[in-house]
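Protein chains in written order, with the UniProt record's numbering: chain Z, 1 to 167; chain Y, 1 to 824.
Note that these hints are calculated values from the structure, not bench results. Heads up, a few of these hints could be off.
Simulated pairs of lysine to any residue, SDA-like, Cα-Cα distance not exceeding 25 Å [said to hold, decoys possible]:
1. Lys159/Y / Glu223/Y
2. Lys137/Z / Ile84/Y
3. Lys258/Y / Val41/Y
4. Lys258/Y / Gln455/Y
5. Lys117/Z / Pro527/Y
6. Lys117/Z / Arg152/Y
7. Lys258/Y / Arg142/Z
8. Lys137/Z / Asp262/Y
9. Lys20/Y / Pro58/Y
10. Lys110/Z / Met1/Y
11. Lys117/Z / Pro58/Y
12. Lys117/Z / Asp132/Y
13. Lys137/Z / Arg152/Y
14. Lys137/Z / Ile252/Y
15. Lys117/Z / Ser156/Y
16. Lys159/Y / Pro124/Z
17. Lys137/Z / Thr134/Y
18. Lys110/Z / Gln455/Y
19. Lys258/Y / Pro124/Z
20. Lys258/Y / Glu136/Z
21. Lys137/Z / Cys106/Y
22. Lys117/Z / Glu147/Y
23. Lys77/Z / Arg142/Z
24. Lys117/Z / Asp262/Y
25. Lys258/Y / Val123/Z
26. Lys77/Z / Thr134/Y
27. Lys110/Z / Ile252/Y
28. Lys137/Z / Pro58/Y
29. Lys110/Z / Pro58/Y
30. Lys159/Y / Ser90/Z
31. Lys108/Y / Gly40/Z
Given next are the chains, with one letter for each unit.
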Amino acid sequence: MFFLKEETKVITLHPSYFGPNVREYLITRLNEEEEGRCTGDHFVICVMDMVDVGEGRVLPGSGQAEYTIKYRAIIWKPFRGETVDAIVTSVKPTGIFTLSGPLSVFIARKNVPSDIKWEPNTVPPQYTDHGDQVIEKGTSLRLKILGVKPDVAAINAIGTIKEDFLG
Amino acid sequence: MLLRLPHGLHYPITVTSLLKQPGDSVERDEALFWYAYQTTVTEGDGLGNKYEVKRNFPTKFESSVDGEIVQWKIGKGDVIEEPIDIVEIDEPCAHEVQFGGLCAECGKDMTESTYNTEVDDSTRAPIQMMHDNTALTVSREEANRVEEDAKRRLLSSRKLSLVVDLDQTIIHATVDPTVGEWMQDKDNPNYQALSDVRAFQLVDDGPGMRGCWYYVKLRPGLEDFLENIAELFELHIYTMGTRAYAQHIAGIIDPDRKLFGDRILSRDESGSLTAKNLQRLFPVDTKMVVIIDDRGDVWRWIPNLVKVSPYDFFVGIGDINSSFLPKKQELKATNKAAVKEAKEKEAREKKPGEPRANGAAPKAEGGEVSALEQLVSMGGGSNPRLLQEQSDAQEETIMHQVEDRPLLQKQKELEAEEDVAESSDSTSSMDESQDSLKHRHHLLEDVDSELFQLQDRLEQVHARFFEEYDKRRSRIGGRVAALRGEKTRSKEKDIDLKVVPDVGDIMPQIKRRILGRVVLVFSGVLPLGTDTQNADISLWAKSFGAVISHKINLRTTHLVAGRNRTAKVREATRYPNIKIVTTQWLLDSLTQWKRLDEEPYLLPVHPDDREEPISPGSKEVAESSWLSSSDEVWTGDEDDDSTDDMFKAAGLNETSPIGYDEEQQTAVHEELKEFLGSDDESESDTDVSLVTDEITVPSRKRKREGAEGEEMNPESDEGEDTDMQGSRLSQRIKRSYERSTGLREVATASGASTAEATQTPLQADEGDNNEEGAGEPDQEGTSGDPPYTYPEEEDDELEREMLAAFEDGDYDSKAEEDIAAENG
Numbered sequence: 001m002f003f004l005k006e007e008t009k010v011i012t013l014h015p016s017y018f019g020p021n022v023r024e025y026l027i028t029r030l031n032e033e034e035e036g037r038c039t040g041d042h043f044v045i046c047v048m049d050m051v052d053v054g055e056g057r058v059l060p061g062s063g064q065a066e067y068t069i070k071y072r073a074i075i076w077k078p079f080r081g082e083t084v085d086a087i088v089t090s091v092k093p094t095g096i097f098t099l100s101g102p103l104s105v106f107i108a109r110k111n112v113p114s115d116i117k118w119e120p121n122t123v124p125p126q127y128t129d130h131g132d133q134v135i136e137k138g139t140s141l142r143l144k145i146l147g148v149k150p151d152v153a154a155i156n157a158i159g160t161i162k163e164d165f166l167g
Numbered sequence: 001m002l003l004r005l006p007h008g009l010h011y012p013i014t015v016t017s018l019l020k021q022p023g024d025s026v027e028r029d030e031a032l033f034w035y036a037y038q039t040t041v042t043e044g045d046g047l048g049n050k051y052e053v054k055r056n057f058p059t060k061f062e063s064s065v066d067g068e069i070v071q072w073k074i075g076k077g078d079v080i081e082e083p084i085d086i087v088e089i090d091e092p093c094a095h096e097v098q099f100g101g102l103c104a105e106c107g108k109d110m111t112e113s114t115y116n117t118e119v120d121d122s123t124r125a126p127i128q129m130m131h132d133n134t135a136l137t138v139s140r141e142e143a144n145r146v147e148e149d150a151k152r153r154l155l156s157s158r159k160l161s162l163v164v165d166l167d168q169t170i171i172h173a174t175v176d177p178t179v180g181e182w183m184q185d186k187d188n189p190n191y192q193a194l195s196d197v198r199a200f201q202l203v204d205d206g207p208g209m210r211g212c213w214y215y216v217k218l219r220p221g222l223e224d225f226l227e228n229i230a231e232l233f234e235l236h237i238y239t240m241g242t243r244a245y246a247q248h249i250a251g252i253i254d255p256d257r258k259l260f261g262d263r264i265l266s267r268d269e270s271g272s273l274t275a276k277n278l279q280r281l282f283p284v285d286t287k288m289v290v291i292i293d294d295r296g297d298v299w300r301w302i303p304n305l306v307k308v309s310p311y312d313f314f315v316g317i318g319d320i321n322s323s324f325l326p327k328k329q330e331l332k333a334t335n336k337a338a339v340k341e342a343k344e345k346e347a348r349e350k351k352p353g354e355p356r357a358n359g360a361a362p363k364a365e366g367g368e369v370s371a372l373e374q375l376v377s378m379g380g381g382s383n384p385r386l387l388q389e390q391s392d393a394q395e396e397t398i399m400h401q402v403e404d405r406p407l408l409q410k411q412k413e414l415e416a417e418e419d420v421a422e423s424s425d426s427t428s429s430m431d432e433s434q435d436s437l438k439h440r441h442h443l444l445e446d447v448d449s450e451l452f453q454l455q456d457r458l459e460q461v462h463a464r465f466f467e468e469y470d471k472r473r474s475r476i477g478g479r480v481a482a483l484r485g486e487k488t489r490s491k492e493k494d495i496d497l498k499v500v501p502d503v504g505d506i507m508p509q510i511k512r513r514i515l516g517r518v519v520l521v522f523s524g525v526l527p528l529g530t531d532t533q534n535a536d537i538s539l540w541a542k543s544f545g546a547v548i549s550h551k552i553n554l555r556t557t558h559l560v561a562g563r564n565r566t567a568k569v570r571e572a573t574r575y576p577n578i579k580i581v582t583t584q585w586l587l588d589s590l591t592q593w594k595r596l597d598e599e600p601y602l603l604p605v606h607p608d609d610r611e612e613p614i615s616p617g618s619k620e621v622a623e624s625s626w627l628s629s630s631d632e633v634w635t636g637d638e639d640d641d642s643t644d645d646m647f648k649a650a651g652l653n654e655t656s657p658i659g660y661d662e663e664q665q666t667a668v669h670e671e672l673k674e675f676l677g678s679d680d681e682s683e684s685d686t687d688v689s690l691v692t693d694e695i696t697v698p699s700r701k702r703k704r705e706g707a708e709g710e711e712m713n714p715e716s717d718e719g720e721d722t723d724m725q726g727s728r729l730s731q732r733i734k735r736s737y738e739r740s741t742g743l744r745e746v747a748t749a750s751g752a753s754t755a756e757a758t759q760t761p762l763q764a765d766e767g768d769n770n771e772e773g774a775g776e777p778d779q780e781g782t783s784g785d786p787p788y789t790y791p792e793e794e795d796d797e798l799e800r801e802m803l804a805a806f807e808d809g810d811y812d813s814k815a816e817e818d819i820a821a822e823n824g
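The following block holds chain Z by itself, in its conformation from the complex (with noise of 0.2 Å):
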């Protein structure tokens, strides 16, 4: 699910950037540093806006400046029960990865439906019902998240096309 969300963060910077560019820096900084970030809970999409970008203060010893930056930021976190569109990565007799934007999912074969079945002889190998379902690399899949865990800098979910209007 999307939210809008609001965050602070710290940026500091190194005194050759202090000018009239700073804030056009700073946003950038921002821009780069966050944009497709994955905190392990959550991925951010989007820097909307900053809200407020503080007063620098210079640290003492090194020169740097610090800012402190409030900003609203689009995030996607993944829930269970969510459904997803998705591309197929690879497909192996155990199931199917698949990517839906920055989250791996992987489908199990319990979790494709009965019919459409593990074909290796073709070139590339397919879950294939034998008729108009062909499921292969870079296929476009719908699917619900039955299951999400965080990681460090990563989510992995499971999920399936088990059930109606899914596949």
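Based on the hints, put chain Y in the right spot on chain Z.
Relative to the frame of chain Z, chain Y by itself:
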């Protein structure tokens, strides 16, 4: 799942009541039954006194899994003494496939653990079996299922699995930017050879690493090879390179992804940086797997391995991804004493480092240090080493290669036609390349036919496998057909998993025939001090049925000589049945899976080595076998003039009246021989084997050995190697400590022998050496080996020798004190 009682309970426990009946569903941490246990507790009586009291406590036992109860294994009132199975619970999900700590089927977190957790759920799926993903793990049952499916599929299409190594097996890669420059330069002598080298850039994610260009040369005939072999095998890539590297290479050798698909396993997923493990890919069984690799040690020489000769196109580059692997045992046909076995990384990096030292002069005079080169070397210099600890070495290797440009250096050297002889300290592989290419004026050449031969071999294995499979199947199939009629046959075709023969059995069968009944002795092939039985080449040869022997004797069939004029070569000339061949014969035989005709590989034996030198010692004994054995010793690598005198002394001594009587002589010499045999290995720069044949000339043996024993002294006296002497000295000292009875015997007649010992320095030296040999029986005698009797004569001899050794003055003073104490 069967629940088992944990170890931590207060046994014995008494079951008081069962809370659930079969068919009931339980949740995790829900109570299953009540039980009572007895334990000792400390109680106060309210007055400050404490007593140890035994009490009964009722407790409930909680389930550690969800599910439905199938069957109780215990009943009410049971007294349980030790952990047993208590209840069978049918779980809705056995968590057999897990992805990143989640059960892939039910989505539960597998890593969570509570006070009640007996076994972590994540251990229920311990096997990684995906090529490209480490997050997914499966249980043994699941792996079995998947693998069985795969096997059925392969059998029905009559294929085997083939695990292919990349570096130096089917390709050769380098990061030397020189290659790129040469490829641009049409005038470069190497241009022709480089025409089909592919390049790609890998942007390593390390900070500051702007990505470096990899140049990949495919082994000649690779395309056809893969094409043909893919019909017989399902191909997998298993490389020690990174994932990105492997992907790129796969993109080059298999652009359509038809051959390998995504069956690529790289260092990132391997799980080990030093060894390759077939179980990583085929966790259940490896019956249908063949491996091709240029290194046997990383696979621990498993029988499924087909070792290929390394592909070395970019001379001296080696395997760029092998930093993590143990140092390869260098073995070249023209190798001298071979490169020292340096396991340290430094030593490994010396190799790329060395060309710099050699090529420094031409580089300076050429003055063509291009801007790019500087840039690159700067980039290399600032190369961050703060990535992972392990990748440091890898990066450094690459950095060195980028920085030093070993190829450029070599080409320059080549052009400058420098005298190569002085670079004796550089690796011999370099020597070789320089020598052989000098006249051709270009460094890189493209002659390699390994893949063609390899294809034959793989086809052979494939044919044998299915031959065997068919044989076994028809045996069973025939029976079944007789029982059930013809119908079952077609079905049988797919599912004969039980009769699948093991490649690991079949390949050795094929291979063992090749060098069966071959008894090899190495000379000048392995560095001294290496374990001849466990060196790479020996293991390899052994897998072909050859027997590696340490000494030359009647059974020896081949002497594999790394260089000419070693002692063993000379010794081998005495046996007409021994073929003296170069290392190349062995290597070629091993790689071609054929016992090649030895004729083209025969080592030209130096005429001197066949001659029978005339010396005073020889006249007295006048026995050709003795001659040659003595000859080998003193004409060794030593200075002949000085040794001649020694030899005279030795000869004199041989026949001098101080001799032993027959029996003792045998005993002593037996020991001496043993000692010398072991000493032989540790000897550093000569390869002299003093051990001779016992079977052929038993009557001469003693004399010969005696002579040899004394002839040891020229060697050690020459003292070319101080280490050696040091070790001998220490051995001597050690022995002098160990000796007890022998010394006492010595002490009795020490007076007499001092005079003798001081006679001539020569004899003293000689005695010194003999002492080593003679010291051995002493030791043995005390430790209760075959009983030796030392009559007076013998004692005299021993004493004389020992004292001579002491005269040398290089023994520990403490030993002296010991002796003094013993003498009383």
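Quiz item: Hint numbers the structure violates, sorted upward?
Solution: Violated hints (numbers, rising): 2, 3, 5, 7, 11, 18, 27, 28 and 29; every other hint is consistent with the structure.
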